[in-house]
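Let the sequences and hints guide you as you build the complete structure.
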Amino acid sequence: MAAKAKTYDLEFLKKLYFELCYYRRFEERVLQAYTAQKFAGFCHVHIGQEALCVGVQRALKDTDYMISAYRSHTQAIAKGIPGNEVFAELFGRYTGCAKGNGGSMHMFSKDRRFLGGHGIVGGQVPLAAGVGFAINYEKKDEIIVCYMGDAATNQGQFHEALNMAATWSLPCLFIVENNRYGMGTDIKRTTSVDHLWKRALAYDMDHGEVDGMNVLTTMETVTEIVAKIRKTKRPYFLDAICYRYKGHSVSDPGLYRTKEEMAEWLGRDPILQLGEYIKKQKLMNDAELKAVDTEAKAKARADEEWADEQPIPPEDAVWRYVYAD
Amino acid sequence: MSILTYREALGRAMSEEMTRDPKVFLMGEEVAQYNGAYKVSKGMLDKFGPSRVIDSPISEGGFAGLGVGAAMAGLRPIIEMMTWNFGIQAFDQIINHAAKMLYMSAGQFPIPMVFRGPNGAAHMLSAQHSQTVEGMLTQVPGLKVVTSANPSDGYGLLKTSIRDNNPVIFLESEMMYAMKGEVDDAEFLIPLGQGRLMREGQHVTLIAWAKMVQRAMDVAAVFAEQGIECEVIDPRSLRPLDEEMIFNSIRKTHRCVIIEEAYQAASVGSWIVELVQRVCFDELDAPVMRVSNEFVPMPYAENLEHRVLPEVERIIPVVKQVLYMD
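Chains as they are written, first to last, in this note's numbering: chain A, 1 to 325; chain B, 326 to 651.
These are calculated hints, taken from the structure and not from any lab test. Watch out, some of these pointers could steer you wrong.
[As the list claims (entries may be wrong)] Pairs of lysine-lysine residues, derived as DSS-like cross-links and limited to a Cα-Cα distance of at most 30 Å, are as follows:
{"no.": "1", "chain 1": "B", "residue 1": "Lys645", "chain 2": "A", "residue 2": "Lys233"}
{"no.": "2", "chain 1": "B", "residue 1": "Lys372", "chain 2": "A", "residue 2": "Lys140"}
{"no.": "3", "chain 1": "A", "residue 1": "Lys299", "chain 2": "A", "residue 2": "Lys38"}
[Said to hold, decoys possible] Across the chosen pairs, the derived CB separations fall in these ranges:
{"no.": "4", "chain 1": "A", "residue 1": "Ala40", "chain 2": "B", "residue 2": "Ala591", "range": "27 to 33 Å"}
{"no.": "5", "chain 1": "B", "residue 1": "Gln464", "chain 2": "A", "residue 2": "Leu31", "range": "54 to 60 Å"}
{"no.": "6", "chain 1": "B", "residue 1": "Gln646", "chain 2": "A", "residue 2": "Arg189", "range": "56 to 62 Å"}
{"no.": "7", "chain 1": "B", "residue 1": "Ala503", "chain 2": "A", "residue 2": "Gly156", "range": "32 to 38 Å"}
{"no.": "8", "chain 1": "A", "residue 1": "Thr223", "chain 2": "B", "residue 2": "Pro375", "range": "30 to 36 Å"}
{"no.": "9", "chain 1": "A", "residue 1": "Asp62", "chain 2": "B", "residue 2": "Lys348", "range": "18 to 24 Å"}
{"no.": "10", "chain 1": "B", "residue 1": "Pro466", "chain 2": "A", "residue 2": "Leu31", "range": "42 to 48 Å"}
{"no.": "11", "chain 1": "B", "residue 1": "Gln464", "chain 2": "A", "residue 2": "Lys299", "range": "58 to 64 Å"}
{"no.": "12", "chain 1": "A", "residue 1": "Trp319", "chain 2": "B", "residue 2": "Gln602", "range": "21 to 27 Å"}
{"no.": "13", "chain 1": "B", "residue 1": "Ser376", "chain 2": "A", "residue 2": "Tyr256", "range": "46 to 52 Å"}
Source: prediction; values computed, not measured. Just so it is clear, CB atoms sit at the ideal spot from N, CA and C, and this is done for glycine as well.
Below you can see the structure in the form of structure tokens.
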């Protein structure tokens, strides 16, 4: 789909540009804070994959659900969890979005219908089918977006969930954030199909591929897909091509990739692409774009500074939420 | 009061709860058109229709996870495992997802659901169809684990489990589905964490649950002929566990034997021994003993299967030992 077919006003594009920059700067601060040993545990950042997160969110309603894997800080923010609460969660603080019980991999918000943040590869995919089942059961008009990484498509539970979603027409949008590496393993070395959308063929499921590095393309494509799911009540499988600039987690230097490959993808950078588009439309110049980025940096900084000031959980919190009343 | 089979009592419990609460649904292999592999859900498809009684594909991990997701979105699923041996396929969803969700989300996502199905050996089903899972699942914070040994307890405990706001592991038995017993016609609930005194006695406490309750009762009858009164306790739910009932009985009898269909290491029985020796150390007149499965995969041959399970002839000498009768 050609992003250039539609026109957008300055305010809208500026907002998109801000979001892309904000998620980039947020994750950069997260990395810095981790490196400075302000927090520990596993930490997977989204740098390079911002366009998908922003584009998909624009296609959704507040009442739609979202569920994801462990690389989901910025998806949680996009779905409406305040960035400062995400940062506080990373720091294990009591005012974090999971009160310090979840951490980097487990962001949650019932109000914002962000259903986690899950740490077992592919484990969230059946959960998404279950939410789709509940939507149909209650005869609602909502959908659920289920993000997963490319390697999740080799898990048994992924296949079980896609089969059920297709068989029972569950309103699920399965999105593979296809950054082409399952940790350090090139998917070509572990996967029988050359395009991951082919996984949907086995389940007779509607499917497609999108350039996940281009926010406008992603937004337009996913908007159409979401409208189709609402209308047909059939699930959809989207292979979103993207790239993570950093390693799998902060402990991974990414030595399995070549400089040439990295350079090629940096040339398709989501922020760069949208900036070029805005300049071409003569809506903003370099200095104005830079000002937006500066604002994004300031917001990310404010998120971290707020988190710095937050209380750690009281010791008796360890006993809370093991069982519901 | 009516005489019901165990399967009828469980079916009645599910039907009543589904009538009471439209958010409750039943999903599993063969639960709908086939009326249940063991006929527990007989008639439920006709009564509630295919949107609430749903035949699943043979994808235990998948439909267990579907249940967890449905619970996150506000439904109250009952997920039937044709046997808990197949349920092992779903352990990722049960342990990593269902049990952890409330805690990871700091209380935002309770998982009010029941995973139920037959547990343990039936008759000559061999190694892959004869395992018990209560030891493994009682280890997991966030799960409740419930057993029952008769139709009335099955009915009252299953209803409570369905109304519970946590993931409940509800363990049944192929060998008990045809068991008959009295069940009150009036609706009733049995709280989790409340054991049942099956037989009063003052000489030794026998602790057993599920199928092993009947073994304990049989053993008690043998000793009664010799004037020795065994107190038989069925804790029913293992998590939460009625510790006080156990301690109070041992304060009376000062001797205890635990009979469980499980292996010796890291089992529910070993946990009960730990509790008893810690709390009742000065009350004990003999070491607490256990009768468990022999530590081998379940063989097929009838005589060998019998040899592996805690049968009456293996329990009696252990009780005698605890009574210093030898």
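Tested hints:
| no. | hint | verdict |
| --- | --- | --- |
| 1 | Lys645/B / Lys233/A | violated (66 Å) |
| 2 | Lys372/B / Lys140/A | holds (24 Å) |
| 3 | Lys299/A / Lys38/A | holds (19 Å) |
| 4 | Ala40/A / Ala591/B: 27 to 33 Å | holds (30 Å) |
| 5 | Gln464/B / Leu31/A: 54 to 60 Å | violated (36 Å) |
| 6 | Gln646/B / Arg189/A: 56 to 62 Å | holds (60 Å) |
| 7 | Ala503/B / Gly156/A: 32 to 38 Å | holds (35 Å) |
| 8 | Thr223/A / Pro375/B: 30 to 36 Å | holds (33 Å) |
| 9 | Asp62/A / Lys348/B: 18 to 24 Å | holds (23 Å) |
| 10 | Pro466/B / Leu31/A: 42 to 48 Å | violated (32 Å) |
| 11 | Gln464/B / Lys299/A: 58 to 64 Å | violated (44 Å) |
| 12 | Trp319/A / Gln602/B: 21 to 27 Å | holds (25 Å) |
| 13 | Ser376/B / Tyr256/A: 46 to 52 Å | holds (48 Å) |
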